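*Asks:* Which chain is which? The protein sequence lines are A and B, in order.
The numbering used here applies: residue 42 is where the first sequence begins, and numbers increase by one.
The numbering used here applies: residue 691 is where the second sequence begins, and numbers increase by one.
Because the hints were derived from the structure by calculation, they are not lab data.
Because the structure is a prediction, the values reported are computed rather than measured.
A couple of the hints might just be wrong.
[To be verified] Interface residues of chain B toward chain A, partial, derived using beta-carbon atoms under 7 Å:
#: 1; residue: L773
#: 2; residue: A775
#: 3; residue: V811
#: 4; residue: L813
#: 5; residue: A814
#: 6; residue: S816
#: 7; residue: D878
#: 8; residue: L880
All residues carry an ideal CB built from backbone N, CA and C; glycine is no exception.
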Amino acid sequence: MTILLLPLLVPLLGAAGYAVFGWRRATVWLGTASASVMLASSIAIAAGDLPRTASAGLVRVDALSAFMLLVIGAVGLLATAASPAHLRTEIAAGRASTRTAARHSLLVQLFLAAMTLAVTAADLGVLWVAIEATTIVTAFLVGQRRTRAAVEAAWKYVVICSAGIALALMGTIVLNHASVHSGHEAGLDLAGLAAAASGLDPAVTRIAVVLLLLGFGTKAGLAPLHAWLPDAHSQAPAPVSALMSGVLLSVAFYAILRVKVIADVALGTGFTRAVLVVMALASLAIAASLLLGIRDYKRMLAYSSIEHLGLVALGAAIGTPLALAAALLHVAGHGLAKGVLFLGSGRILQATGTSRIDGVRGLLASRPALAGSFGAGVLALIGLPPFSLFASELGIARAGFAAGMGWFTAAAFALVLVIAAALVTRTSRMLLGPPQEPATGSVPMTLVAGLAVCAALGVAIGPLSPLLHDAASLLVVTR
Amino acid sequence: MTETVYVQLLDLTCGALLLTAVLILWRRDLSVIVRVFALQGAALTALVAVLAAHERSGELWVIAAGVLALRAGLLPYLLRRTLAAAGEPQREARPLVNVAASLLAAAVLTFLAHAVSRPLVTLAPSPAAQAIPIAVTVVLIGFFVLVTRRHAVSQVVGFLLMDNGITALGLLTTTGVGLVVEVGVSLDVLLAVLVLQILAVRIRETFGDTDLDDLRELRD
Chain A
42 MTILLLPLLV PLLGAAGYAV FGWRRATVWL GTASASVMLA SSIAIAAGDL
92 PRTASAGLVR VDALSAFMLL VIGAVGLLAT AASPAHLRTE IAAGRASTRT
142 AARHSLLVQL FLAAMTLAVT AADLGVLWVA IEATTIVTAF LVGQRRTRAA
192 VEAAWKYVVI CSAGIALALM GTIVLNHASV HSGHEAGLDL AGLAAAASGL
242 DPAVTRIAVV LLLLGFGTKA GLAPLHAWLP DAHSQAPAPV SALMSGVLLS
292 VAFYAILRVK VIADVALGTG FTRAVLVVMA LASLAIAASL LLGIRDYKRM
342 LAYSSIEHLG LVALGAAIGT PLALAAALLH VAGHGLAKGV LFLGSGRILQ
392 ATGTSRIDGV RGLLASRPAL AGSFGAGVLA LIGLPPFSLF ASELGIARAG
442 FAAGMGWFTA AAFALVLVIA AALVTRTSRM LLGPPQEPAT GSVPMTLVAG
492 LAVCAALGVA IGPLSPLLHD AASLLVVTR
Chain B
691 MTETVYVQLL DLTCGALLLT AVLILWRRDL SVIVRVFALQ GAALTALVAV
741 LAAHERSGEL WVIAAGVLAL RAGLLPYLLR RTLAAAGEPQ REARPLVNVA
791 ASLLAAAVLT FLAHAVSRPL VTLAPSPAAQ AIPIAVTVVL IGFFVLVTRR
841 HAVSQVVGFL LMDNGITALG LLTTTGVGLV VEVGVSLDVL LAVLVLQILA
891 VRIRETFGDT DLDDLRELRD
């Protein structure tokens with residue numbers, strides 16, 4: 042069996058394990074073990090020769106897929122490593138039973154498998170099916186707590202995302218129509234479509250691309266169909282929020298990148314650039330305006346995800362090799378930082394019992410280790426060195442000005458500054474001040490490890506550099 | 691089947707597809723809406739059967755059987771069960787847009803669909819491709835139902851209308867997108883409806899109603 046299937050099969054086995062054995066002492070760390078194997082095999086795939094195909098051409102891994110596999114593996118490991126402690130506390134507090142814990146772990150494994158399938162699928166149709174599958178699997182995770190707010194969030198999530206993803210299906214069908222009549226045998230094969238894209242009918246392809254960008258943009262949390270995101274990300278259990286915000290959004294954005302390559306060849310680079318710039322700036326503006334009045338810290342993190350995906354979209358719109366490499370690095374850095382922050386916010390929620398910003402005071406004095414890593418995470422998020430988001434934001438800005446998109450880039454980064462100010466004031470209110478209770482708490486090792494990797498990526502990309510370079514050059518279309 | 695009969699049957703089934711979509715927009719009694727939705731599933735099956743008979747394609751007959759089982763059988767059954775579980779007859783009490791305005795909107799959406807799908811028709815002007823605007827209209831009407839209706843079941847029907855339209859589009863453009871993807875898509879739709887059904891039950895348990903106007907816990 043080829044190693045390409047390992048990241049897909051291991052979480053499926055993990056899910057089967059939870060289905061058979063449930064939540065007991067022996068299975069507590071099963072999820073973490075499965076995520077570690079996923080990460081290890083992703084590293085092995087990324088280090089080997091690329092691109093490779095398996096399963097009669099249904100699975101195809103090139104540099105971009107390998108990079109996304111690494112991000113899924115890393116953030117997946119982070120989230121699953123923090124899950125046992127999270128679930129134990131929930132069970133101890135009576136908010137969950139061992140059955141809930143087993144179901145949670147099972148669904149998380151299926152969630153990881155669906156995301157892996159999405160980034161390794163060779164066919165746009167299979168990619169679509171995988172992304173829709175993530176919606177279905179995570180719907181139950183969002184509504185896990187069964188409170189009014191959680192059920193409402195899950196409903197909105199499924200309705201808006203299913204409708205959005207239905208638009209993407211329509212786009213897929215229209216693109217298939219164009220592909221069949223282009224005289225090539227490509228069908229919906231991504232690599233084949235990209236190679237044969239110059240033969241696609243431009244008018245039909247334009248309709249397909251708009252539908253695909255809107256549809257996958259919904260799942261990526263980009264405006265105009267972003268309304269589900271703050272609700273779903275704030276109501277989901279912390280490890281699930283970390284995965285949804287840290288990787289699911291970028292997996293959906295991965296689909297946009299694949300569509301962009303095809304569209305750029307068929308229509309020239311101007312068309313997707315225009316659509317993506319509008320979506321990016323609208324997302325940034327929405328995030329900035331809503332963050333100014335935010336009162337809930339999990340929603341604050343959710344809006345910040347809209348901001349960061351907006352930045353990634355801006356990088357993709359600029360479309361030079363530097364911009365694309367920076368956008369991909371941003372995906373990795375944001376995944377790690379946001380994963381750490383959502384896990385930290387879950388701990389704060391469990392400790393204080395409220396997700397309101399004004400309900401948390403003096404955290405730095407009462408829980409120094411937790412507050413320290415939360416604060417460091419926010420600093421990473423607003424793009425301070427040494428974290429990798431500094432390097433990637435700098436890269437996107439430089440590429441934007443170099444590519445003659447100075448006005449858009451300047452507007453985007455002005456909004457980023459507003460958002461940074463809002464995040465810092467809200468966070469300092471939570472962390473500073475007199476403690477509400479005596480100092481307790483241990484050092485959260487997973488959070489520190491996540492931040493350390495994020496900082497290491499910012500200092501030296503090291504062995505990732507050729508992979509990033511290859512992935513970016515796959516996405517650059519010269520015409 | 692001669693070419694004339696084929697075109698006439700094609701137009702007839704597509705007309706039924708459009709008519710049922712408009713009927714769903716018109717009626718407010720939810721049990722009627724679900725019944726009309728089942729009728730639309732039957733119309734879609736007839737459309738696939740006409741295409742299958744014309745192309746003499748075994749794969750299309752398989753898809754026709756699948757469409758019949760899923761969209762005229764299983765999905766309406768699931769919706770009926772959700773309604774029955776809710777007890778007393780359910781009505782769409784306060785749609786955001788009233789019925790008269792909805793029907794006018796449907797007319798506008800039909801024009802829009804014709805304008806938007808012109809490139810699709812001109813790319814390969816076959817009798818089947820001529821019917822593409824109708825499929826797009828059904829998608830748009832479904833989207834309209836989804837955003838203007840406030841009852842959980844109507845929203846699900848809106849989503850399914852979109853999906854019926856997209857399936858029709860897929861079959862009219864080329865002969866679908868391959869059996870593997872077709873099966874995957876149908877499975878996803880089924881799962882999405884199951885998820886929504888479970889959530890509708892949970893909404894009723896926690897809110898005491900399936901009217902989504904009560905969903906206003908989460909906002910900024």
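*Asks:* Would the hint on L773/B be counted as holding, given a Cβ-Cβ threshold of 7 Å to chain A?
*Replies:* Hint violated; L773/B Cβ to chain A Cβ min 17 Å, cut 7 Å.
*Asks:* For the restraint on S816/B, tell me whether the closest CB of chain A is nearer than 7 Å.
*Replies:* Not OK, violated: S816/B not within 7 Å of chain A, min 11 Å.
*Asks:* Just to be careful: measuring from the Cβ of A814/B to every Cβ in chain A, is the smallest value less than 7 Å?
*Replies:* Holds, because the Cβ-Cβ distance from A814/B to chain A comes to roughly 5 Å (cut-off 7 Å).
*Asks:* Taking the closest Cβ pair, is L813/B under 7 Å from chain A?
*Replies:* 5 Å, holds
*Asks:* Measuring from the C-beta of L880/B to each C-beta in chain A, is the shortest one below 7 Å?
*Replies:* Cβ of L880/B sits 10 Å from chain A, so the hint is violated.
*Asks:* Please check whether A775/B passes as an interface residue: C-beta within 7 Å of a C-beta belonging to chain A.
*Replies:* 16 Å, violated
*Asks:* Interface hint check: V811/B, Cβ to nearest Cβ on chain A, cutoff 7 Å. Holds or violated?
*Replies:* 10 Å, violated
*Asks:* Would the stated hint for D878/B survive a check requiring a Cβ distance to chain A of less than 7 Å?
*Replies:* 5 Å, holds
The structure is inconsistent with the numbered hints 1, 2, 3, 6, 8, although it conforms to all the rest.
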